[in-house]
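S.K.: What follows is each chain in one-letter form.
There are 2 protein chains.
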Amino acid sequence: MALIVQKYGGTSVGSIDRIRNVAARMIRTRDEGHQVVAVVSAMSGVTDGLIKMAREISSNPSERELDVLLATGEQQSIALVTMALQELGVDAVSITGRQAGIHTTGSHTRGRILNMNPALMHQFLNAGKTLVVAGFQGVTPDGMIHTLGRGGSDLTAIAVAASLKADVCQILTDVDGVYTCDPRIVKNARKLPEISYDEMLEMASSGSKVMQSRSVEFAKKFGVVFEVRSSLNDNPGTLVLEEHPHMENAVIRGVSIERSQARVTITGIPDTPGMSGRILGALAEAEINLDMIISNIAQHDGFARHSFTMPSCDLGKAQAALKPVLASLAPDAKIETEGGIAKLSAVGTGMRSHSGVAAIMFQALGAAGINIGMISTSEIKIAVTVDETQIEDAARAVHDAFGLDKMSA
Amino acid sequence: MALIVQKYGGTSVGSIDRIRNVAARMIRTRDEGHQVVAVVSAMSGVTDGLIKMAREISSNPSERELDVLLATGEQQSIALVTMALQELGVDAVSITGRQAGIHTTGSHTRGRILNMNPALMHQFLNAGKTLVVAGFQGVTPDGMIHTLGRGGSDLTAIAVAASLKADVCQILTDVDGVYTCDPRIVKNARKLPEISYDEMLEMASSGSKVMQSRSVEFAKKFGVVFEVRSSLNDNPGTLVLEEHPHMENAVIRGVSIERSQARVTITGIPDTPGMSGRILGALAEAEINLDMIISNIAQHDGFARHSFTMPSCDLGKAQAALKPVLASLAPDAKIETEGGIAKLSAVGTGMRSHSGVAAIMFQALGAAGINIGMISTSEIKIAVTVDETQIEDAARAVHDAFGLDKMSA
Numbered sequence: 001m002a003l004i005v006q007k008y009g010g011t012s013v014g015s016i017d018r019i020r021n022v023a024a025r026m027i028r029t030r031d032e033g034h035q036v037v038a039v040v041s042a043m044s045g046v047t048d049g050l051i052k053m054a055r056e057i058s059s060n061p062s063e064r065e066l067d068v069l070l071a072t073g074e075q076q077s078i079a080l081v082t083m084a085l086q087e088l089g090v091d092a093v094s095i096t097g098r099q100a101g102i103h104t105t106g107s108h109t110r111g112r113i114l115n116m117n118p119a120l121m122h123q124f125l126n127a128g129k130t131l132v133v134a135g136f137q138g139v140t141p142d143g144m145i146h147t148l149g150r151g152g153s154d155l156t157a158i159a160v161a162a163s164l165k166a167d168v169c170q171i172l173t174d175v176d177g178v179y180t181c182d183p184r185i186v187k188n189a190r191k192l193p194e195i196s197y198d199e200m201l202e203m204a205s206s207g208s209k210v211m212q213s214r215s216v217e218f219a220k221k222f223g224v225v226f227e228v229r230s231s232l233n234d235n236p237g238t239l240v241l242e243e244h245p246h247m248e249n250a251v252i253r254g255v256s257i258e259r260s261q262a263r264v265t266i267t268g269i270p271d272t273p274g275m276s277g278r279i280l281g282a283l284a285e286a287e288i289n290l291d292m293i294i295s296n297i298a299q300h301d302g303f304a305r306h307s308f309t310m311p312s313c314d315l316g317k318a319q320a321a322l323k324p325v326l327a328s329l330a331p332d333a334k335i336e337t338e339g340g341i342a343k344l345s346a347v348g349t350g351m352r353s354h355s356g357v358a359a360i361m362f363q364a365l366g367a368a369g370i371n372i373g374m375i376s377t378s379e380i381k382i383a384v385t386v387d388e389t390q391i392e393d394a395a396r397a398v399h400d401a402f403g404l405d406k407m408s409a
Numbered sequence: 001m002a003l004i005v006q007k008y009g010g011t012s013v014g015s016i017d018r019i020r021n022v023a024a025r026m027i028r029t030r031d032e033g034h035q036v037v038a039v040v041s042a043m044s045g046v047t048d049g050l051i052k053m054a055r056e057i058s059s060n061p062s063e064r065e066l067d068v069l070l071a072t073g074e075q076q077s078i079a080l081v082t083m084a085l086q087e088l089g090v091d092a093v094s095i096t097g098r099q100a101g102i103h104t105t106g107s108h109t110r111g112r113i114l115n116m117n118p119a120l121m122h123q124f125l126n127a128g129k130t131l132v133v134a135g136f137q138g139v140t141p142d143g144m145i146h147t148l149g150r151g152g153s154d155l156t157a158i159a160v161a162a163s164l165k166a167d168v169c170q171i172l173t174d175v176d177g178v179y180t181c182d183p184r185i186v187k188n189a190r191k192l193p194e195i196s197y198d199e200m201l202e203m204a205s206s207g208s209k210v211m212q213s214r215s216v217e218f219a220k221k222f223g224v225v226f227e228v229r230s231s232l233n234d235n236p237g238t239l240v241l242e243e244h245p246h247m248e249n250a251v252i253r254g255v256s257i258e259r260s261q262a263r264v265t266i267t268g269i270p271d272t273p274g275m276s277g278r279i280l281g282a283l284a285e286a287e288i289n290l291d292m293i294i295s296n297i298a299q300h301d302g303f304a305r306h307s308f309t310m311p312s313c314d315l316g317k318a319q320a321a322l323k324p325v326l327a328s329l330a331p332d333a334k335i336e337t338e339g340g341i342a343k344l345s346a347v348g349t350g351m352r353s354h355s356g357v358a359a360i361m362f363q364a365l366g367a368a369g370i371n372i373g374m375i376s377t378s379e380i381k382i383a384v385t386v387d388e389t390q391i392e393d394a395a396r397a398v399h400d401a402f403g404l405d406k407m408s409a
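Protein chains in written order, with our numbering: chain A, 1 to 409; chain B, 1 to 409.
Please note that the accuracy of each hint is not assured.
What the hints assert, rightly or not - In the EDC-like style, the derived pairs of lysine to aspartate or glutamate whose C-alpha atoms are separated by at most 20 Å in a straight line are:
#  : chain 1 : residue 1 : chain 2 : residue 2
1  : B       : Lys52     : A       : Asp17
2  : A       : Lys52     : B       : Glu87
3  : B       : Lys129    : A       : Asp142
4  : A       : Lys129    : B       : Glu63
5  : B       : Lys191    : B       : Glu248
6  : B       : Lys129    : A       : Glu63
7  : B       : Lys52     : A       : Glu87
8  : B       : Lys165    : B       : Glu217
9  : A       : Lys129    : B       : Asp91
10 : A       : Lys52     : B       : Asp17
In short, the hints are calculated from the structure, not lab data.
Starting from the given sequences, assemble the full structure and let the hints guide the process.
M.R.: Structure follows, in structure tokens:
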């Protein structure tokens with residue numbers, strides 16, 4: 001008998017019929033002889049409806065009160081899923097974030113998990129009950145309701161699996177697993193049987209929005225093996241786990257793309273200590289997530305230049321944040337911007353032991369007639385920017401060049 | 001500076017505009033120099049919508065899970081009302097039933113308040129905050145969400161007022177106060193400035209559904225003076241408090257009516273000990289609330305008879321519950337039923353020190369050509385049944401006979 005944690009997202013519990021399907025699926029797992037703990041999100045549409053009401057009242061509603069408001073969505077889901085299980089004869093019980101012992105820290109609406117106290121969950125499991133736990137929520141050290149922000153239910157599932165020492169954690173979602181590339185773009189993209197945490201993290205931060213990075217980081221930190229699989233069928237999905245010797249021996253695990261990026265280049269920055277920190281700090285304060293950052297230290301003229309990419313939609317905000325800091329620090333600096341670009345990343349731990357990976361990638365792009373803009377690399381990733389109109393061709397060219405459609409030995 | 005608890009029902013917070021009105025009203029009270037604690041219900045319609053979903057899943061949903069589901073309604077209200085206050089510049093904070101320290105006992109969906117721990121509320125009040133507390137909910141000794149059943153938000157308001165030693169507790173509702181009789185029936189009915197707990201209890205149990213009896217009982221037990229007043233205007237309402245010497249010196253405080261009653265008479269019951277208890281016990285097990293109960297002990301024929309009234313809608317259930325118990329205990333007993341009757345009650349603590357009250361009432365009814373059916377009395381109430389078609393005439397006749405349209409000295 002295994003202890004299995006299953007996470008169901010908002011679409012999976014989006015109607016009474018779908019809630020019944022979730023209950024039926026949990027019972028199938030139970031009938032195979034396992035103990036089941038479900039972590040569920042709010043029914044799709046509920047959270048948006050609550051946010052809409054809050055915004056009607058205030059353009060800038062209190063984040064503490066948003067937490068109180070939004071946490072009700074998951075609380076409703078756990079009650080309804082539990083009722084559906086009970087209706088099918090299962091001894092089930094709902095568990096709020098507080099009851100699951102999810103203790104949090106950080107700002108309201110963006111909580112982080114501080115620690116877990118699974119005492120009540122253990123008590124119910126020992127009594128043979130099936131558990132339905134509210135995703136996305138926990139409680140602060142002083143007892144206030146706290147939500148975990150985007151991807152919070154995935155994070156809850158991983159944390160619950162860690163605290164209960166579950167045998168399996170299944171993230172049931174609307175995709176079949178993690179693919180070598182988006183199958184809508186690359187027709188012969190292949191579902192991966194396994195991927196390492198590090199690769200998953202690079203894929204997540206490179207536009208493959210299967211899961212938020214922090215959930216993967218949490219799983220890596222606590223050694224929680226989890227599986228991304230479809231809630232619509234029983235196909236095996238993709239296992240995400242620590243890199244191991246028997247893993248499929250690929251140089252590149254997958255290719256991910258990110259559209260609607262913009263590049264900002266600042267030239268004419270005096271080469272004095274702390275200057276870059278203050279410029280990048282101004283962007284961080286404006287809550288702009290920079291992606292690729294390329295800095296050239298002082299040229300022969302004594303000035304430095306910085307280039308970075310960000311989502312196009314942040315461009316206006318970035319210019320507004322940069323103007324005052326440049327006016328005071330570097331009155332001669334110039335800002336150039338370029339929209340309409342996209343980012344392509346090739347990710348794989350095999351890169352660590354293989355040389356020449358970048359060369360293969362650049363040659364493939366060249367042969368397809370695609371110009372490369374910026375380049376940035378990590379230990380297991382090579383990312384380039386290309387013109388947005390060419391991103392799909394670029395993805396196909398790189399996918400082919402590394403033979404990702406074929407299982408490697 | 002007074003500490004004022006204000007209870008707002010589901011209609012008062014039934015839309016975003018109404019929530020804004022609640023916030024504005026709280027601020028008016030605050031601007032008069034008082035500290036304000038609001039207790040709010042779920043937005044009207046929300047609870048019914050949740051129950052509807054639960055019933056789609058199960059014809060008999062778990063009461064524990066119903067509590068988890070329904071408690072979200074009030075949680076949403078407190079967040080939205082708090083946001084509305086904050087939008088108007090007030091330092092406000094929402095408080096769930098758990099955070100208000102409302103500890104409960106009893107079955108799920110029908111919780112009773114066991115004790116209160118107002119520590120967190122005091123902490124926020126000492127910090128100068130305006131509090132918005134969720135009505136209708138508390139938490140069991142083992143930390144489970146618990147709702148308080150019908151009238152639960154009134155009960156919360158009284159309990160919060162008791163635990164905070166509030167100066168005033170205002171029950172803001174859709175009526176202006178407690179009237180000498182229903183003004184839709186008796187045109188010259190008068191709003192009472194004061195009414196004693198005991199009178200209010202008799203009025204509540206006699207069809208004047210301003211408040212549930214248990215909230216009034218709780219207030220009486222803890223000496224919470226409360227005021228029933230309109231949420232739609234600023235008129236003074238009716239103060240409910242312990243009887244005191246300066247209270248308006250009325251023999252009868254008010255007249256209340258209850259329609260759609262039925263009478264059940266059982267004849268031919270052997271006069272053996274314990275028989276009545278078993279018959280009435282069968283009705284109690286079927287959760288039928290008997291109202292007037294008249295038992296004649298053994299007649300000359302050696303048989304007893306019982307008559308009682310109940311809501312007409314319970315008649316079928318009562319017959320079903322009685323049949324088996326009578327078949328085994330009193331095979332010769334006969335059940336007679338009569339529908340289409342109504343009950344009129346005259347209530348007043350003045351009755352304790354005045355004789356002849358019943359005579360005035362019966363004469364007034366006789367003069368109006370109204371036949372009296374059953375009669376039952378308590379220390380401060382005289383209740384009679386009449387034909388339902390005559391109940392409005394009866395109410396007017398009794399109201400006039402006691403001069404209830406005039407303030408008494």
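S.K.: Now look at each hint and say whether the structure bears it out.
M.R.: Against the structure, the hints:
1. Lys52(B) - Asp17(A): 14 Å, holds
2. Lys52(A) - Glu87(B): Roughly 15 Å separates the two Cα atoms, so the pair holds.
3. Lys129(B) - Asp142(A): The given pair, whose Cα atoms are some 17 Å apart, holds under the 20 Å limit.
4. Lys129(A) - Glu63(B): 17 Å, holds
5. Lys191(B) - Glu248(B): 12 Å, holds
6. Lys129(B) - Glu63(A): 17 Å, holds
7. Lys52(B) - Glu87(A): Holds. Lys52(B) to Glu87(A) sits at ~15 Å (cutoff 20 Å).
8. Lys165(B) - Glu217(B): Within the cut-off at roughly 17 Å; holds.
9. Lys129(A) - Asp91(B): 43 Å, violated
10. Lys52(A) - Asp17(B): Distance ~14 Å between Lys52(A) and Asp17(B) Cα, so the pair holds.
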